[in-house]
Amino acid sequence: MRVTLILLLLVGSLVSNAQYAPESAVSLGSGGAGIAGDFFWNGMNNPAALAWTEEISAGVGYNTRFMLSELSDRYFMVAYPRKDNGGTFSINVNQYGFSSYSLTKGGLAYSRFFGPNFVAALQFDVFQFNLGDETYGSHTAFTFEGGSEYKLNDKIRLGTQIFNPAEVELSAYGNEKIPPSIAAGCALTLTEDAVFMVDIVKEMYRPAALRTGFSYLVMNTLAIRGGVQTAPFSISGGAGLHLKNFEVDFATSYHQILGVSPSISLMFHLNKQ
Amino acid sequence: MRWLLFISVFLISLSLSAQIPDDNDANENIENKIENIAEQTDGELDYTQLTEALQYFYKHPINLNNTDYDELSELGLLTDVQIQHLLNHIEKNGKLLSLYELQAVEGFDLQTINTILPFVKISGDNERKSWNFSDVIQNSKSQWFTRYTSVLQEQQGYTDISDSALAESPNSRYLGSPYKLYTRYKFTYYNLLSVGVTAEKDYGEEFFKGTQKSGFDFYSAHFFIKNLGPLKMLALGDYNLQFGQGLTMWSGLAFGKSSQAIGIKKSGVGIRPYTSVDENLFLRGGATMFSIKDFDIYVFGSYKKLDANINADSSDGEEFVISSLTESGLHNTQSTIIDKDVISEMVAGGHIHYQKSKLKLGFTGVYTQFGQDIPEGDQLYELYYFSGKQNLNLGFDYSYVWRNSNIFGEFSRSQNGGIASLAGLMTSPDRFLTFSVLHRYFARDYQVFYATAFMEGSRVQNEHGLYLGGELKFSRKWDITAYTDLFSFPWLKYRVDAPSNGVEMLGQVNFHPKRHYHIYARFKQEHKEINSSEGYYFSTLQPTIKRNYRVHASYPISESVTLKTRAEYMTFNDGNEPQRQGFLIYQDISFRKNGSPFAFSARYALFDTDTYDERLYAYENDVLYAFSIPAYYYKGSRVYLMVRWKAARGLDFWARIAHTHFSDRDEVSSGLNLIEGSSRTELKVQMRITF
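Heads up: the protein sequence lines correspond to chains A and B, in order.
Residue 21 is where the first sequence starts when you use our numbering, and the numbers rise one by one after that.
Residue 271 is where the second sequence starts when you use our numbering, and the numbers rise one by one after that.
Rather than coming from a laboratory, the hints here were simulated on the basis of the structure.
Wrong hints could be hidden among the right ones.
[Unchecked claim] Using 30 Å as the maximum straight-line C-alpha spacing, the simulated DSSO-like pairs for lysine-lysine come out as follows:
#1 B/Lys365 / B/Lys391
#2 B/Lys863 / A/Lys175
#3 A/Lys175 / B/Lys747
Work out the full structure: start from the sequences and follow the hints.
Below you can see the structure in the form of C-alpha cells.
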C-alpha cells in the first residue's frame, strides 16, 4: 500500500515539479513566491537574486513532501560575490527521490548588476535522472536558465525567470522533454519589515500557478512567513531565526488531502568585508 | 541551434547598455488597439495604414506653433477637445515657448504629453506645408522595400502528387511556391506628394508563370498630391476614403473598442494614398478635394474587379452567375483562380465638408454599381444582405466641440431604405475625468460596402448598441479606464439562428511609475449568445461568457533595453458545457540604441488553451510595415527573434524568425497548410533602400 502510494506520488510529483527547482524553506513559507526576491535563498527561485548578495554565503536544506522520506529534496547552494561589482558566482545542487528513483540537478550561475537597478543571471544546468534499474538506467541532459530583476523604486521589484527555453530533452525516450517554464513575479516592500510577493509560474505541461505570500520581520532575529499557492492548492507558513552569521528557516505547506510537507534550511554567511 | 540562438540573445542583452528611450507610449497605444482588431477578425490584415501616419510624424514632428486642426487630428493621439484647447491656448497666449508649457493646456495631462512628445516640436520651420519646387528634388525621398516570408516546414499543399491524382482533385495542391514576396517603391516629398507601386505574391501563388504571367498576383499603384494650387488633394490609382464616422464611406481599417475607453470618435482624413496589400479594402480610380471658402469638396470614382464564387450551375458560354463575393485575396488554387476578378465594381460619389470654428458638418453620397447581379444569400441570416446590381448610400455627419465636450455622429441611408445612425459624446467634466457615450443603430437592412464604424459585429448592419466608457486619473501615476457596451443584433447572424444580445465590459488599472513605464491589470468580460450545441431539431441560443484577466508590465531597464512581461488567463463558458480555460505568458526583450546599427527584439512565450475558442492574441514586433498578431492556442511554446541592421546609410535589413512548438499535437494547421510535425517556423527577411 505504502509502496503504491509512493510510486503514485513519485510520478505525480515528478510531473508536478518536473522543472525541478525545490522550494527552500524561505520560499515555501511565503507560498513558494520569490521570483522578485533579493534574499540568498531566492537564488533558487531566480538566480538573478544572488546579485544582491554581498557576502560569501552557503546553505543546505531538506524538504519532505507529505512527510515521506522517499519524496524528499536535498539541496545546497554556495554564493561567491566578487568585489567591485564583479558579479556573483554560485553553485547549487538539488536532489529529489531515493535510490531507485532520483533526479539530480546541478547549476552553475553568474549573476550581476547592469546599471544601479537591474540584475540578471545566467545559469547552466546539468540534470541526471536515475531509475536505479538496468532497463531504464540513467539519463543526463544539459540546459540553461536565466533571470532578471528590476528595482522600479524603493517599494517595487519586478522579476522574471525563464527555464530551459531551448526545450532540451531529458532522454530520447518518447521525446521526453524537460518542461520549459516562464515565471514572472513582483515584490512589494510594504514597510521596512514587511514584504509581499506574488509570482505567476507557467510550466509547459502543467496549469499556470499563482504563488503569493509575505514575510514579516517581527523582531531583528525573527521573521514569520505565510502564503498560498494554486495548482495544486496549498497553504504554507514558516519562520526564520537570524543569529549573527547564521540563519535557520522552517516552513511547511499544507495540502487538504496529502497533509503537511515540512522543510528546513540552514544558511551561513561570512561577515561583510 | 536553438541553444546558440538563445544564449546569444541572452548574452547580447546582457552586454548592452544605455541610450535613447524607446518611444513606447504611442506604440503601446497602437499595439493595444491593433490587438483588439485582430481579436475581431479571423483573417490576416494589413495594418500598415493604421501606423503610417505615426511613422511619418516621428520623422517629421509637427510644429505645434504652426499647425492646424487637420494635422493634429491626423496624428490620431489627441481628442478633438484636446486639439481645440491646444489651438485656443496658442491663440490666446501666443506661441508655445517650450514643450513644458503643454502642461498648462487644459485637458493635457502628463501621460498625454509623454505620448505625443516624440511626434511634436515647437520650433523649426523645416516642414513643408506647401510646395517649393526648387527643393522637390533635394528633399524628396525614395524608398524601396522587398520582403520575403516563408514557412520552413513542408505543408500539405506543396507536397508531391501524381498527375493523375492532381487531375482528379485539382484543388488539393497549391499552384505556386511556398513563399510570400512583397515589394514596394514609394517616392515622397514630405506628405505633399506620394507616388508608389506595391506588389505582392501570397503563399502558394505562382510567380511569372502559369496563372500569373505578369508576375505578382496583386499590384497597386498610387499618385497622391496635396496642397498644390487649388487642389487640396488629388489621388490617382489606389486610394482610401475616410469620411464622418464610417457609416457611409470608410474604405480602410479603423480602430474600434479598446482599453483606451474614451477614444470612440473617428477622425477621417478624407483621401489617403493606398499602400497596403489588402486586396479588397481600397478604391481604384481617382479622387480629389478642393476648397471653396469654408467648404471642402470631394469627388471620387473607382472601378475595380472583385473576386466571387461562380455558381456551379452556370452554363458554358453563357454569362455566368455568381453565388457570393470572396475576400481572401488568395489566388493559389485552381478554384481561387477561377474566382478571381469575375465581377466589376464601380463606385462614384462625393463628400462636402463644412467647417466653421468648432462646428463640422459633412454630407456624403456614394453610388455603387456591380457588373452583374449579386444574388440573394441562401441562408436566413443573409436575408437582408445586399443583392442586386446597384446601391446608393447617403450620409450626413456632424461634430461640434463645446467647452470640454464634443458631440458627433452620422446618419446614413441605403437605397433600399435601410438606415444607420451613430451618435456620440465625449466630455471631460474636469481634467481628471473623461467619459464617452455612444449610441448606434444599424438597421438589419442597411446595406453598405465600404464602411467601418464603432461596432461589435463585423458589418455595419444589424446592430443596436449603447456604449459608456470612462477614464479617471487618480494621480500622475495612476488611472483607471473602463467601458460597458450593451449590444443586440435584431436579426440572425452567422452561427446565431435568432436575434441575440450581448454585453462587453472592460476595466483596466494603469500604473505609470515613470515615463515609458506602464504596468496594468485588465479584466474583460464578454457575454454573447450563439447556437446551442444541444438543439437537435431546431436551433436555440445559449449564452457564452468569456472572461479575460491580464497583467502586463512594460519597463525600460536602461535607455536602450526594454522588457515586457505579460500573463493572461481566460475562461470560456459555453452554455452548459464545462468551463474551458486558456493561459498565455511571455517575456520580451528589445534593444534599440541611437547610433547603433543593430536593434533587436525577442520573445519567449508559453501558452496553454483547452481549445481554439480560448485563444489569446498578443502583438509581436515585426519587420517595419509587417504585422504579426497571432492567436496563441492549444499547448506549447513560441519564440521569435527579430534583428534590424542598418548596413549603410540608406540600406537597412531586417530578419525575423518565429517558431511555434505544440506540445500536445503531431500536426499543425489543416487542409493545404497542414504540417506533419509539431512545429511551425516562419522566416521573414526584408530589405529597405532609401535614397
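Each hint, compared with the structure:
1. Restraint check for B/Lys365 and B/Lys391: the C-alpha separation of about 12 Å stays at or below 30 Å, so the hint holds.
2. Only pairs whose Cα atoms come within 30 Å are accepted, and B/Lys863 paired with A/Lys175 is accepted, the gap being roughly 29 Å.
3. A distance of roughly 15 Å separates the Cα atoms of A/Lys175 and B/Lys747; the hinted pair therefore holds under the 30 Å criterion.
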